[in-house]
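The primary structure of each chain is shown beneath.
There are 2 protein chains.
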Amino acid sequence: MAAETQTPPICFGIIGCADIARKVSRAISLAPNAVISAVASRSIEKASLFAKANKFPPEAKIYGSYEALLDDPDIDAVYLPLPTSLHVKWAVVVAQKKKHLLMEKPVALNVSEFDVIAKACEENGVQFMDGTMWVHNLRTAKMREFLSDSERFGQLRAMHSCFSFAGDADFLKNDIRVKPDLDGLGALGDAGWYCVRSILWANDYELPKTVVALHGPVLNEAGVVLSCGASLHWDDGRLATFFCSFLSNLTMDITAIGTKGTLNLHDFIIPFQDKEASFIVNSKCFFNELVTSWVPIPSEHTVTTDIPQEVCMVREFSRLVGDVKNGSKPESKWPIISRKTQLILDTVKMSIEKGFVPIEIKS
Amino acid sequence: MAAETQTPPICFGIIGCADIARKVSRAISLAPNAVISAVASRSIEKASLFAKANKFPPEAKIYGSYEALLDDPDIDAVYLPLPTSLHVKWAVVVAQKKKHLLMEKPVALNVSEFDVIAKACEENGVQFMDGTMWVHNLRTAKMREFLSDSERFGQLRAMHSCFSFAGDADFLKNDIRVKPDLDGLGALGDAGWYCVRSILWANDYELPKTVVALHGPVLNEAGVVLSCGASLHWDDGRLATFFCSFLSNLTMDITAIGTKGTLNLHDFIIPFQDKEASFIVNSKCFFNELVTSWVPIPSEHTVTTDIPQEVCMVREFSRLVGDVKNGSKPESKWPIISRKTQLILDTVKMSIEKGFVPIEIKS
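Here the protein sequences line up with chains A and B, keeping their order. The opening residue of the first sequence carries number 1 in UniProt numbering; numbering runs sequentially from there. The opening residue of the second sequence carries number 1 in UniProt numbering; numbering runs sequentially from there.
No lab work stands behind these hints: they were computed from the structure. Even for Gly, the Cβ is constructed at its ideal location relative to N, Cα and C.
Short derived list, chain A residues pointing at chain B, Cβ under 7 Å:
#1 K23
#2 R157
#3 A158
#4 V212
#5 L214
#6 G216
#7 V218
#8 H233
#9 T255
#10 G258
#11 F272
#12 Q273
#13 V291
#14 T292
Pairs of lysine-lysine residues, derived as DSSO-like cross-links and limited to a Cα-Cα distance of at most 30 Å, are as follows:
#15 K284/B with K275/A
#16 K209/A with K354/B
#17 K284/A with K275/B
#18 K179/A with K284/B
#19 K209/B with K354/A
#20 K284/A with K179/B
#21 K333/B with K209/B
#22 K173/B with K284/A
#23 K354/B with K354/A
#24 K89/B with K61/B
#25 K362/B with K354/A
#26 K173/A with K284/B
#27 K354/B with K362/A
Derived coverage of chain A by chain B (criterion: at least 3 residues anywhere in the stretch with Cβ under 8 Å from a Cβ of chain B; other residues may be distant):
#28 160-170
#29 224-231
#30 236-246
#31 261-271
#32 274-282
#33 293-302
Bound conformation, chain A alone:
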C-alpha cells in the first residue's frame, strides 16, 4: 500500500476541445491520482482558450497539433473526445506512442475499426477504456449488488432501457452527431450506446443471441439515425428492448425485471443530483388481500455520491494505468465491454438496413 501512495499521478493529455472534454478535464483535476498535463487542438488559440476557460493548471502545456502532444514524453494517458470517424486514426497513433487511452463513445464507426484500435492498444501494452461514466457511479455498484442477489432479484428476465433528448433545430442541423462523415451512427451511437451498455451491464455482459431492430426508425436526409429501437434476445428467453432518440424529451430509464425483483431508475446516465443518486427496488412486492394496493411498496435506495461519476471513471482508469506502469498487464475487461457494446450497435444498424430482420450475434 505504501508503494501505491508514492505512485505519482497519471499525466493526461487532452486531444480535441469538445464540450464533453470540459467535464472530463474537471474530473481529471478532481481525481486524486490524475493531473492535466496538456491539451491539443488543431488551433493553438482554441487549445489555449479551452485551457483558460476550464482553469487548467498554469504548468499545463498547450499544443497546436495532436502529434506534438503525442510526442510529449511527460504524457502518460490521452483523453480522446474527437468525432467518432476520427477515432481509429488517432487512437492507433496514441497507442503507438505508448500512451494509455481514455476514449469517448461510440468507440468506433463499427467493430472492425474498433478491433484495429484494441489491437494497437494490446500490442503497445496500453490501457484502454471508453468514456461511459455512469458505470463508475457508486450507485451502479449498489444496483449491481441488487441484481446479483438471488433472493431479492432472482434471475433477470426482461429489461427496457431508454435514452432520448430533444435536439433543437441547430443540433439537428449542425451537431456532429447528425453528420454521416463525423458520427455516422447518430442517435444509435450516441444515445443508443448507453442503452445497449445498460442492457449488457444488467446481463453481466453476456451477449444476446439475436438482435432485431424495431420498425420505424427515423433517419435524416443523410441517412443518419435520429431515433430507433431494438429488441435483444438470449437463448434462455431473456429479452431486452431499448429506444433511443434525438427527437423526444430528455428521458433515461432503466427497468430490469427479474424473477423476484425489479429495478427502476430514471436518471441512469446523468444522475438528477450531484451529491446523491437513487434507484427504486421492488423485491417480491405483491398486493394486499383485495388487490387494491401493494405490499410492500417498492423502496427508494439513495447512495451518497460525493465523488462525481466522471471522477470515479478517471480515478479507476488512472489506477489501472498506474498498475501498468508498475508492471501489470492492462485490464482487458474494458475493451471487451466496449467491443460488445459496439457489436450490438452494428447489429442493430444492420437489422435496420436489412429490413428489421433478426441478426444473429457472432461473438
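Add chain B to chain A, keeping to what the hints say.
Relative to the frame of chain A, chain B by itself:
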C-alpha cells in the same frame, strides 16, 4: 339535478364468483349510485358462501343459475367476471335480457366475438363497459391533463408499457389464464390488455397503423402465451412498445415521452397505496452547464384518491346506466375502446403466429 338525486341506485347482479368479483362487489357496495341485488353461481352453495364472505346485504338474492338471475326483473346491470371463453355466450344473453353489462377483460377471445357482444348490447339498448379500473382512477384524469398540455408535454413520440407478475407453480399449472379453453389469450389477454389499453389511452385512442410482435414469446405446452411483447407504429413516426408476462416479478410501468415532457409511473394498474396515487412529471428538464445533474429535477405529483378506482368505475358505469334509464342513448365510447384494445391483442397474436411479421391494423 333534482331528478338525478331522486334516481334510485342501479341494482347489480353478479354472475360468477371469481376472485376479482370480491373487489368489484365491494366497489358496488361503496358506490353511491349502485347496490348489490343478487349473485349467481352454477352452485347455489358457492353463491351463498360468496355473498356471506363478501358481506352482501341481507336482501341480496342468491341464485344457483345464471339464467335465474338474468330473469330477475329487479336487476338493472350485470357484472360478468366469467372466463373469457364464456363471455360471448353470456354477454349476449345479458343484453337480450335488457341488462346493462360491466364485463371483465379481455372482453372476448377475439374481435369477431366482441362484435357479437357489442351488437347485442347496441340492439338491446344497454350500456357496455369493460372492467379496466385504472382508467377511472382520479390520477388518470390528472395524467391526461399533462399529456394534453402542448406546453408541458408537447406531442407524444414514444411510449413503453409493461405489466408482469410472477405466477407461482400452481398459477402456471391451474389458473384459468393459462388454459387454452378458458382464457386462451394468456398473459397477452390478461397483463397485455392493460399495456395495450395504456398505449391507446396515451394516444387518445388512435389506433396504430402497424403492430409487430417481438421475437421470443414464451408459450406453455398448450400454446398459451406466458410472456410476450410488441411494438406499435403510427404513420407520423410515433412508436410504442409493451412487454407482458406471467414469468417475471410484479412490474407495471408506463413511460410516455413527448416532444417536451415525459410521464413515468410504476403502479398504473393497481396504485401502490389506497388513499393516494402519484406520477412523475418531467417537463423540459435538461442539464446543468457541466452536464453533471438535471435542471429542473422531475417532480412527483400526488393525487388524493379517497374513492378507490374500482368504485369510480362502478359509479361511472352506474351513472351511464341511470342516463339510459332516463332515456339517453348508451355511451358508445366504452365499447369502442374495448374493441380497439381487443383488436390490437388479436393483431399481436396474429403477428406471433405468422412469425413476427408486421400486421396492418384495419380499423
